[in-house]
Amino acid sequence: MSTGTQDKPRRSAGGWLLIALPFLWLTVFFLAPFFMVFKISFSEVAVAIPPYLPTFDLSEGFAGIREAFSTFSFDNYKWLAQDDLYWKSYLSSVEIAAISTLITLLVGYPVAYGMARAPKAWRPTLLMLIILPFWTSFLIRVYAWIGILKNEGLLNQFLLWTGIIDQPLIILNTNLAVYIGIVYSYLPFLVLPLYASLEKLDVSLLEAASDLGCPPWKAFWNITLPLSIPGVIAGSFLVFIPAVGEFVIPDLLGGSNTLMIGKTLWVEFFANRDWPVSSAVAVILLMILVIPIVLFQNQQQKAAEKQA
Amino acid sequence: MAKKPIGPVRRAFSPWDDPAAKPFIEFRNVTKRFGDFTAVDNLSLKIYEREFFALLGGSGCGKTTMMRMLAGFETPTEGQIFLDGQDLAGVPPYKRPTNMMFQSYALFPHMSVEANIAFGLKQDGMAKTQIAERVAEMLRLTKLEPFAKRKPHQLSGGQRQRVALARSLAKRPKVLLLDEPLGALDRKLREETQFELMTLQEELKMTFLIVTHDQEEAMTVADRIAVMDAGKIIQMAPPAEIYETPNSKFVADFIGDVNLIEAKVEEKSAHGTFLQAVTGDFRIDTIQETTAAVGDTVWYAMRPEKIRIAHGEAPGTNAVNRVGAEVWDIAYLGDISIFHSRVGEKDTLRATVANITRLVERPIAWDDMVVLSWERDAGVILTA
Amino acid sequence: MRSGPSWFNVTSLVLGFSFLYLPILLLVVFSFNESRLVTVWGGFSTKWYVELMKNQQLIDAAIITLKVAFLSASIATVLGTMAALVLVRSGRFWGRSLFSGMIFAPLVMPEVILGLSLLLLFVAMDQSRGFWTIILAHTTFTMCYVAVVVQSRLVGFDKSIEEAAEDLGCPPARTFFLITLPIILPGVIAGWMLAFTLSLDDLVIASFTTGPGATTLPMKIYSQVRLGVTPEINAVCTILVVLVTMGVIAASILTKRQQVQRERDERAAFGAAG
Chain C
1 MSTGTQDKPR
11 RSAGGWLLIA
21 LPFLWLTVFF
31 LAPFFMVFKI
41 SFSEVAVAIP
51 PYLPTFDLSE
61 GFAGIREAFS
71 TFSFDNYKWL
81 AQDDLYWKSY
91 LSSVEIAAIS
101 TLITLLVGYP
111 VAYGMARAPK
121 AWRPTLLMLI
131 ILPFWTSFLI
141 RVYAWIGILK
151 NEGLLNQFLL
161 WTGIIDQPLI
171 ILNTNLAVYI
181 GIVYSYLPFL
191 VLPLYASLEK
201 LDVSLLEAAS
211 DLGCPPWKAF
221 WNITLPLSIP
231 GVIAGSFLVF
241 IPAVGEFVIP
251 DLLGGSNTLM
261 IGKTLWVEFF
271 ANRDWPVSSA
281 VAVILLMILV
291 IPIVLFQNQQ
301 QKAAEKQA
Chain S
1 MAKKPIGPVR
11 RAFSPWDDPA
21 AKPFIEFRNV
31 TKRFGDFTAV
41 DNLSLKIYER
51 EFFALLGGSG
61 CGKTTMMRML
71 AGFETPTEGQ
81 IFLDGQDLAG
91 VPPYKRPTNM
101 MFQSYALFPH
111 MSVEANIAFG
121 LKQDGMAKTQ
131 IAERVAEMLR
141 LTKLEPFAKR
151 KPHQLSGGQR
161 QRVALARSLA
171 KRPKVLLLDE
181 PLGALDRKLR
191 EETQFELMTL
201 QEELKMTFLI
211 VTHDQEEAMT
221 VADRIAVMDA
231 GKIIQMAPPA
241 EIYETPNSKF
251 VADFIGDVNL
261 IEAKVEEKSA
271 HGTFLQAVTG
281 DFRIDTIQET
291 TAAVGDTVWY
301 AMRPEKIRIA
311 HGEAPGTNAV
321 NRVGAEVWDI
331 AYLGDISIFH
341 SRVGEKDTLR
351 ATVANITRLV
361 ERPIAWDDMV
371 VLSWERDAGV
381 ILTA
Chain R
1 MRSGPSWFNV
11 TSLVLGFSFL
21 YLPILLLVVF
31 SFNESRLVTV
41 WGGFSTKWYV
51 ELMKNQQLID
61 AAIITLKVAF
71 LSASIATVLG
81 TMAALVLVRS
91 GRFWGRSLFS
101 GMIFAPLVMP
111 EVILGLSLLL
121 LFVAMDQSRG
131 FWTIILAHTT
141 FTMCYVAVVV
151 QSRLVGFDKS
161 IEEAAEDLGC
171 PPARTFFLIT
181 LPIILPGVIA
191 GWMLAFTLSL
201 DDLVIASFTT
211 GPGATTLPMK
221 IYSQVRLGVT
231 PEINAVCTIL
241 VVLVTMGVIA
251 ASILTKRQQV
261 QRERDERAAF
271 GAAG
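Protein chains in written order, with UniProt numbering: chain C, 1 to 308; chain S, 1 to 384; chain R, 1 to 274.
Bear in mind the hints are in silico, worked out from the structure with no lab data behind them. Do not rely on the hints blindly, as some may be mistaken.
Stated by the list, open to error - Ranges between beta-carbon positions, derived for each pair:
id: 1; chain 1: R; residue 1: Phe93; chain 2: C; residue 2: Val28; range: 16 to 26 angstroms
id: 2; chain 1: S; residue 1: Arg172; chain 2: R; residue 2: Met125; range: 52 to 62 angstroms
id: 3; chain 1: R; residue 1: Gln127; chain 2: C; residue 2: Glu305; range: 35 to 45 angstroms
id: 4; chain 1: C; residue 1: Glu305; chain 2: R; residue 2: Val78; range: 51 to 61 angstroms
id: 5; chain 1: S; residue 1: His110; chain 2: R; residue 2: Pro171; range: 17 to 27 angstroms
Said to hold, decoys possible - Computed far set for chain R versus chain S, every beta-carbon distance over 10 angstroms:
id: 6; residue: Phe32
id: 7; residue: Gly43
id: 8; residue: Arg96
id: 9; residue: Ser252
Unchecked claim - Within a straight-line C-alpha distance of at most 20 angstroms, the following computed PhoX-like cross-link-like pairs (lysine-lysine) qualify:
id: 10; chain 1: R; residue 1: Lys256; chain 2: S; residue 2: Lys151
id: 11; chain 1: R; residue 1: Lys256; chain 2: C; residue 2: Lys120
id: 12; chain 1: C; residue 1: Lys88; chain 2: C; residue 2: Lys200
id: 13; chain 1: S; residue 1: Lys22; chain 2: S; residue 2: Lys46
id: 14; chain 1: C; residue 1: Lys78; chain 2: C; residue 2: Lys200
id: 15; chain 1: S; residue 1: Lys249; chain 2: S; residue 2: Lys205
id: 16; chain 1: R; residue 1: Lys159; chain 2: S; residue 2: Lys95
id: 17; chain 1: S; residue 1: Lys128; chain 2: S; residue 2: Lys149
id: 18; chain 1: S; residue 1: Lys151; chain 2: S; residue 2: Lys122
id: 19; chain 1: R; residue 1: Lys159; chain 2: C; residue 2: Lys306
id: 20; chain 1: C; residue 1: Lys88; chain 2: C; residue 2: Lys78
id: 21; chain 1: S; residue 1: Lys149; chain 2: S; residue 2: Lys174
Using N, Cα and C, we set each Cβ at its ideal position, and we do this for glycine too.
If we strip away everything but chain C, and leave its shape as in the complex, we get:
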């Protein structure tokens, strides 16, 4: 009979395989690629296939890796620091993502609240209506806005027809169009966690507040809002983090002076074919996102633990 502590569950060969297969897959196709990006961000661009030097040669083993390290150059990072296009892109990405997140919150909160307070019979349908756009193509949903926002587009036609304006508004190819695109595309991500936390809220709490003489708006401020904070935080992260690295929305809706880092990376890679610089851009973008991602994961973990 075994002695000593046995905290770990007994695990059969099948149990180990269960862990090993997805673990290995993610290590090879998710984790390892990051090291590639990191490594190539220290190489130099070259007219070759692949278009960078030095290449990684695993056949030389550890010596080869050390060799590669010795030829690492920080030129790409110096370049990023010197050319203000890059750090302006970073700043403007964070700014656009933050403003969009705020607007999404202002638009999404009333919707989530309305859903949570809707009659119980309606709620599954409303929930499905929120989720449904998420299933339809992101690209298509962004594309749909081009026809609405452009100078001779539907919105301007409508506003001209009603007589509110006599000159078409220029919205497409501005930052405003990017805000609209992000809010529109990411609204379900914010509404879902928010709805989940608002729906859990016990209505009898509000009844108790009302019973104790608290008017509805005050009850909202003192009870509903504080209790929905976890949903607000989760939803905001879900909008903010991917919005920072967004490419499709600024590319299709934004103008030439809309600077977003996802777009910069894309152009650097596909138009300039400068792989090392795009890798350096990606490394810095990742570093910017690490903090919110870690915060988000911690928050999710805490929520999961609370549930369990």
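The hints should help you fit chains S and R onto chain C, whose structure is shown.
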């Protein structure tokens, strides 16, 4: 005339008194730790064939861990478990001759009642005709025949409980493990089912091990009860012995209702012990001898139904222990009434009276001065 | 508290849902526009759909996209379900937090980074790029979504049901196929559907990891959208939107019906028991 303790409660069955009897299940110095937490602490236990054994205790006392180790879902950190002479170490749950009825019933939601009951038999590779026979028998035994084709969600709570029971009995396991089997049922159904369980156990001649926090349930069904606390067995005995002769304050308090009186040993003799309540308000004469020395502080545990309560002298009694008291609370429960009476400044004694008549000449009312009396053998002296 | 929904709640719901659905609705309407000017209504016509049927390039792209989506969603469902089981069931093991980090990070990671990093990996592996590299890339990021969907189904799963099967003599692997899988199947199917539509939808990762000869529908749409809004693209988008919407609605009606039936049964069972 010398009195005898209340005899065998369920049936004449006491292999544990026979030193030659071979235990059917044996836990030998079993310890189970989860990280820093010790769930079961160096515990040894013998259960005999055809015994109905109850592990009783509050949540976290280790009773469920004991059962799960026997079923094979947990591995002991130290010690050995034997079943019918076989060391169970390294035997996975699906190869153990035990079956368990889960607290949540754990019915397979996507299978009919029949398929649920047949599941274990299929795993053994039993022939189809035999399986059909056995399933039919189990359905009859648990009165589930009309529901054979239903899915679990189409059953009421009581019916689900019976499916879980039928499923765990179908394989005729050497031991049936019952994990809080009746916890989800309402009181009336629970009492009925307790008697059904006892009948089943007699009929199938199997060994049952039940885990429960419900002392009434344990007392009703079990031949022997082990009262557990913090991973240890505090007392292991037949129900009547546990109730009438608890070995500690913990057991006395855990099982049923009890008056615990703090007292000092005043005098020891061959006929018993005299105690003096620490409040100094009354003396207790007992037939029990104690290991405590004169002057030691002990606890006198006495069940409320052992105390008589009357205006003035209690009629028809020559009880030596009597004390004046003032009634300050009465609870009428129908079958019995509970009287809380103050003795002196600090002590409160609970007495229960069976309401054997509908009408009484002079009912006891609040603030009445009464006499409480009890026999010399009414309670036990506890040192732990 | 209140007898009906307040005007404020109704207004915010109406406005919110109009905002979500109006753009797609307009796109669908204008796919039936006679005029080539996409924002001026010139009468009803289905000619752009006919035109579409003649566009062999677009049809080829659609076929590749569907193949990629089907294959990657299927592999991702297997891997994602395994990952969900590991997250919920495997307890502690070396590298557990790394593992859960690798499951959750791709959900919020910018697609440009995922695409770039996978491309660099394929280049380093000297892998010629095309159909299969897109599948590998899509499998990797969609399996994380599958894992999350299946995990939420597993969390609500009473583990004692599996223990009961083992207790009745069923070894762990068989228990998974006889008991666990049938019970979590709705989650697994939902995960597959999600993986399928995500793959169908993806532009950025596919653009990075593709090679000659493997142009997916989103890439085709994107290259045309850059040149401006055209009624053909409206028609393609409409077909995609209608297909996905029908799939999702059919799935949710099926689940809903099952649930209603189940509730009715349960009420009947408890009613009969008194």
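Determine whether the Cβ-Cβ distance between His110/S and Pro171/R falls within the hinted range of 17 to 27 angstroms.
For Pro171/R against His110/S, whose Cβ atoms are near 19 angstroms apart, the range 17 to 27 angstroms holds.
Is the hinted range of 52 to 62 angstroms satisfied by the C-beta distance from Arg172/S to Met125/R?
holds, 58 angstroms
Within a Cα-Cα threshold of 20 angstroms, do Lys88/C and Lys78/C meet the stated pairing?
holds, 15 angstroms
Please verify whether Lys159/R and Lys306/C have alpha carbons no more than 20 angstroms apart.
holds, 19 angstroms
Hinted pair Lys88/C and Lys200/C, Cα distance within 20 angstroms
Violated. Lys88/C to Lys200/C sits at ~42 angstroms, over the 20 angstroms cutoff.
Does the structure keep Lys256/R and Lys120/C at a Cα separation of 20 angstroms or less?
holds, 14 angstroms
Report holds if the minimum CB distance from Gly43/R to chain S is greater than 10 angstroms, and violated otherwise.
holds, 54 angstroms
If you draw a straight line from the CA of Lys159/R to the CA of Lys95/S, is it 20 angstroms or shorter?
The given pair, whose Cα atoms are some 19 angstroms apart, holds under the 20 angstroms limit.
The output says Ser252/R does not contact chain S. Does that hold with a beta carbon cutoff of 10 angstroms?
With a cut-off of 10 angstroms, Ser252/R remains clear of chain S, as the shortest Cβ separation is near 20 angstroms.
Taking the minimum C-beta separation from Phe32/R to chain S, is that value above 10 angstroms?
holds, 45 angstroms
Check the hint pairing Lys256/R with Lys151/S against an upper bound of 20 angstroms on the C-alpha distance.
holds, 18 angstroms
Given the hint of 51 to 61 angstroms, is the C-beta distance from Glu305/C to Val78/R inside that range or not?
violated, 28 angstroms
Of the numbered hints given earlier, the model fails hints 4, 12, 14, 15, 21; all others are met.
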